[in-house]
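If you're matching them up, the sequences are chains G and X in order. Residue numbers for the first sequence follow our numbering, beginning at 4 and rising by one. Residue numbers for the second sequence follow our numbering, beginning at 8 and rising by one.
Please keep in mind that the hints were generated in silico from the structure rather than gathered at the bench. Wrong hints could be hidden among the right ones.
[What the hints assert, rightly or not] Distance condition first, Cα-Cα at most 25 Å in a straight line; then the derived BS3-like pairs of lysine-lysine:
| no. | chain 1 | residue 1 | chain 2 | residue 2 |
| --- | --- | --- | --- | --- |
| 1 | X | K345 | X | K380 |
| 2 | X | K251 | X | K317 |
| 3 | X | K132 | X | K142 |
| 4 | X | K142 | G | K172 |
| 5 | X | K595 | X | K317 |
| 6 | G | K80 | X | K142 |
| 7 | G | K126 | X | K610 |
| 8 | X | K217 | X | K20 |
| 9 | X | K103 | G | K172 |
| 10 | G | K136 | G | K126 |
| 11 | X | K568 | X | K610 |
| 12 | X | K328 | X | K400 |
[To be verified] A few chain G residues that face chain X, going by a derived Cβ cut-off under 8 Å, partial list only:
| no. | residue |
| --- | --- |
| 13 | Y39 |
| 14 | N42 |
| 15 | R110 |
| 16 | K126 |
Using N, Cα and C, we set each Cβ at its ideal position, and we do this for glycine too.
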Amino acid sequence: MALPVRLAAVATLAALVAAGGAVRAQDLEYPVKAAYLYNFLSFIEWNAAPPGSATAPFRVCIIGADPFGRTLDDMVKGERVGHRPIEVARPADEEAAATCQVVFVARTDDARLPTIVRMAAGKGVLIVGESAKVLPACGAIAFVQEGERLRFDVNINAIRRQGLRASSKLLRVARDASSRYTQCDRQ
Amino acid sequence: MTLSFRDRPIVWKLMAVALATVLIALVVSTSVSLWTTYSTLRSGVENDLEGQAGIIAENTSSTLAFDDPVLANETLRTLRLMPSVDLGCLYGADGKLFASFPQPPIHDHCDDKPPPIGKSVVNGKLHVTVAVTQKERQLGVFALRGNLSRVRDQFQAQVFAAFVGMILAVGAAVLLSLRLQRLIARPIVELSSTAHSIARAGDYTLRATKANDDEIGRLVVAFNTMVAEVERRDEQLRGANRLKDEFLATLSHELRTPLNAVFGWIQILRAGGTSSETVARAYESIDRNARAQATLIEDLLDISRIVTGKLRLRSEPVDLKTIAENALEVAKPGAEAKRIALNRQLPDGPAEIVGDPDRLQQIAWNLLSNAVKFTPAGGAVDVSLVGGERDWKLIVRDTGSGIDPAFLPHVFDRFRQADGSITRRHGGLGLGLAIVHELTELHGGRIEAASAGLNRGATFTATFPRMAATAPIAARVAPQPHRELEGYTVLVVDDDADAREVTAAAVQSAGGVAVTAPSGAAAIDALASHTFDAALFDLAMPQMDGFELLRHTRIILDATKTPAIAVSAHAGAEEQARQAGFQAFIAKPYDLDTLVSGILQAKEQKGTGSLFT
Numbered sequence: 004m005a006l007p008v009r010l011a012a013v014a015t016l017a018a019l020v021a022a023g024g025a026v027r028a029q030d031l032e033y034p035v036k037a038a039y040l041y042n043f044l045s046f047i048e049w050n051a052a053p054p055g056s057a058t059a060p061f062r063v064c065i066i067g068a069d070p071f072g073r074t075l076d077d078m079v080k081g082e083r084v085g086h087r088p089i090e091v092a093r094p095a096d097e098e099a100a101a102t103c104q105v106v107f108v109a110r111t112d113d114a115r116l117p118t119i120v121r122m123a124a125g126k127g128v129l130i131v132g133e134s135a136k137v138l139p140a141c142g143a144i145a146f147v148q149e150g151e152r153l154r155f156d157v158n159i160n161a162i163r164r165q166g167l168r169a170s171s172k173l174l175r176v177a178r179d180a181s182s183r184y185t186q187c188d189r190q
Numbered sequence: 008m009t010l011s012f013r014d015r016p017i018v019w020k021l022m023a024v025a026l027a028t029v030l031i032a033l034v035v036s037t038s039v040s041l042w043t044t045y046s047t048l049r050s051g052v053e054n055d056l057e058g059q060a061g062i063i064a065e066n067t068s069s070t071l072a073f074d075d076p077v078l079a080n081e082t083l084r085t086l087r088l089m090p091s092v093d094l095g096c097l098y099g100a101d102g103k104l105f106a107s108f109p110q111p112p113i114h115d116h117c118d119d120k121p122p123p124i125g126k127s128v129v130n131g132k133l134h135v136t137v138a139v140t141q142k143e144r145q146l147g148v149f150a151l152r153g154n155l156s157r158v159r160d161q162f163q164a165q166v167f168a169a170f171v172g173m174i175l176a177v178g179a180a181v182l183l184s185l186r187l188q189r190l191i192a193r194p195i196v197e198l199s200s201t202a203h204s205i206a207r208a209g210d211y212t213l214r215a216t217k218a219n220d221d222e223i224g225r226l227v228v229a230f231n232t233m234v235a236e237v238e239r240r241d242e243q244l245r246g247a248n249r250l251k252d253e254f255l256a257t258l259s260h261e262l263r264t265p266l267n268a269v270f271g272w273i274q275i276l277r278a279g280g281t282s283s284e285t286v287a288r289a290y291e292s293i294d295r296n297a298r299a300q301a302t303l304i305e306d307l308l309d310i311s312r313i314v315t316g317k318l319r320l321r322s323e324p325v326d327l328k329t330i331a332e333n334a335l336e337v338a339k340p341g342a343e344a345k346r347i348a349l350n351r352q353l354p355d356g357p358a359e360i361v362g363d364p365d366r367l368q369q370i371a372w373n374l375l376s377n378a379v380k381f382t383p384a385g386g387a388v389d390v391s392l393v394g395g396e397r398d399w400k401l402i403v404r405d406t407g408s409g410i411d412p413a414f415l416p417h418v419f420d421r422f423r424q425a426d427g428s429i430t431r432r433h434g435g436l437g438l439g440l441a442i443v444h445e446l447t448e449l450h451g452g453r454i455e456a457a458s459a460g461l462n463r464g465a466t467f468t469a470t471f472p473r474m475a476a477t478a479p480i481a482a483r484v485a486p487q488p489h490r491e492l493e494g495y496t497v498l499v500v501d502d503d504a505d506a507r508e509v510t511a512a513a514v515q516s517a518g519g520v521a522v523t524a525p526s527g528a529a530a531i532d533a534l535a536s537h538t539f540d541a542a543l544f545d546l547a548m549p550q551m552d553g554f555e556l557l558r559h560t561r562i563i564l565d566a567t568k569t570p571a572i573a574v575s576a577h578a579g580a581e582e583q584a585r586q587a588g589f590q591a592f593i594a595k596p597y598d599l600d601t602l603v604s605g606i607l608q609a610k611e612q613k614g615t616g617s618l619f620t
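Next comes chain G alone, as it looks inside the complex (with noise of 0.2 Å):
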């Protein structure tokens, strides 16, 4: 079935982490952030799809900078959550945010972060960014690196007023997950 080539898609990520000693940090850094951001998609319980769109794609976007450049869009080529196709979208406006379901926000974007919090609100949107303003200002995920590993933060309040639940597997890689950002559980 899917399963070879979901298999190729994280052998990939595999190779990645592994070739890590002998590749520059800088050019992995957004290779295996895809990697990752692809990986959380297994982690989390999504919202079901609306009445009638079964199979709608199920979108990725990324609002503002792309530093991914063409590697988030080969990695889910084919892929699917559930049944719903994966696809990669980069809208220029955070208005945009409530149609997606997972919101990537470049360190270089993070301005914008209130307004896409503020659009997503509710609407079962994952919000990940990579930088320490990520959390406080209500995102989901909050990518970290420690020495040579890229680990992630959580912000589980804010995961939970989106609606979503993450797994515990997935808190338990956590380097942080925590849930004192109580002032992102408010409406």
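Given the coordinates of chain G, work out where chain X should sit on it, guided by the hints.
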């Protein structure tokens, strides 16, 4: 020599059966149970290991997804709680080892490559390999190696327990079969040994002991009954043998005694010079002793006829009163000699029954002579004839020596005498009463003996049924032996010279003329040249016997109306002789009366036509 199972003792067989049953049942059930246990244990361990592999795979998916080998190793370390697990290896999607338990540098090492997904047992090790997936995405492979030593240990414990149980069960079976032996085998073994000792020692007084009421008990009872029967017959046989021996001793003694007198007197007569009174006494004594011996032989022949069923009775009206009177008449001299009073109580009219007058006479005479014989001098003998509605009772009562109550039941037995010793006071063969008993019963009557005890007398009662119709009875003609053959010429044919001469002398003493012939040929010559009034043929002669002689001379005899009379010592020949055409049969030895009356009767028949041909 080896004994086959069939020939072994029952005890052994019972034990073997019990043990074999128990062992077979135990081996079968234990095998089944052990096999089940082993399967259960093994599948339990397998399930444990598979479940553990699944749990580890589930809990390590995120460590693979987010590259966290430290957490993966931590997760795998939980395997230390599973004693059956030797090795756990987590491989990434690229097939490289990601985490392992135990951590290097411990002796066991994971393979570089992940094994294929599935389950296998190699060298007693269980290999379980599962895919690590998250939401249907395979993130890696987890391989777990477990050992089945726990299964082996538990199985060995079970086998040991089963072995101990088997020993206990065999012990219980042995105890039980020992008990069973008491119930089953021991009675059989005892019966068998009792039977063996009876067969070996011939001691039929032994009996087997009955233990239970089952088939064996019934067998014991039946066995004892049979042994009792054998014992009874054995005693009977010994008794009969003893009787026979006693009888033979008595017989030879009784037969010899008269001969002593006869030979003694003959020697005296031969010597000559004896007075005429002595000669008369000699003749008297010789006659009496010869008669006594003839009586003995007659008794023997009677018993022989009775035993072989050859005794034939005539059936004609008889007056018991005449019989009793005749007997009293004959007994009178003997009774007078001993000063014994002979009392009679006879009816006025005749006492009529049907029977053989000679045999009835024999009965009366035997009873009366016995009474006189056993009554001491000065005693009394009563003879009475009592008529009942249906029968006549001839009662002979004496005041003699009586009968021991112990002997009373045997008084009519053959060859049995109260005093079997050689020094006994009374002679005789002990056949008289037996003959009386048999003859009475042959007449449809019965005889009873009663006695108040020793020296208190005895009473014999012979009961005969009355005759059905009252036909007139021909008065019994008393024999008139004197000179009845006056004018008769009789041919005497016998190969034995003594017999020939005695017979010729008898004919002459009765007034007749005897012509003798020593063989059949001589007899034919004599018959061809003379006419006789009667011809006496000995039946048993060499070359030509009496029967053949009769066939050859029948025409002459018929033409001259000469009766042929068969003479034989063989009592059974009478019927044969009559069928062959003889007018009369005279059994040897015979007295003069018998010879004369035989000749007269035969002559009479021949004159009017033979009754028998």
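Each hint, compared with the structure:
1. X:K345 - X:K380: Status holds; Cα separation ~9 Å.
2. X:K251 - X:K317: holds (22 Å)
3. X:K132 - X:K142: Violated, at about 31 Å.
4. X:K142 - G:K172: holds (13 Å)
5. X:K595 - X:K317: holds (17 Å)
6. G:K80 - X:K142: Between G:K80 and X:K142 the Cα gap is close to 17 Å, so the pair holds against 25 Å.
7. G:K126 - X:K610: violated (168 Å)
8. X:K217 - X:K20: holds (22 Å)
9. X:K103 - G:K172: Holds, at about 22 Å.
10. G:K136 - G:K126: holds (21 Å)
11. X:K568 - X:K610: The given pair, whose Cα atoms are some 8 Å apart, holds under the 25 Å limit.
12. X:K328 - X:K400: The given pair, whose Cα atoms are some 11 Å apart, holds under the 25 Å limit.
13. Y39: holds (6 Å)
14. N42: holds (4 Å)
15. R110: violated (20 Å)
16. K126: violated (22 Å)
Of the numbered hints listed earlier, those contradicted by the structure are 3, 7, 15 and 16.
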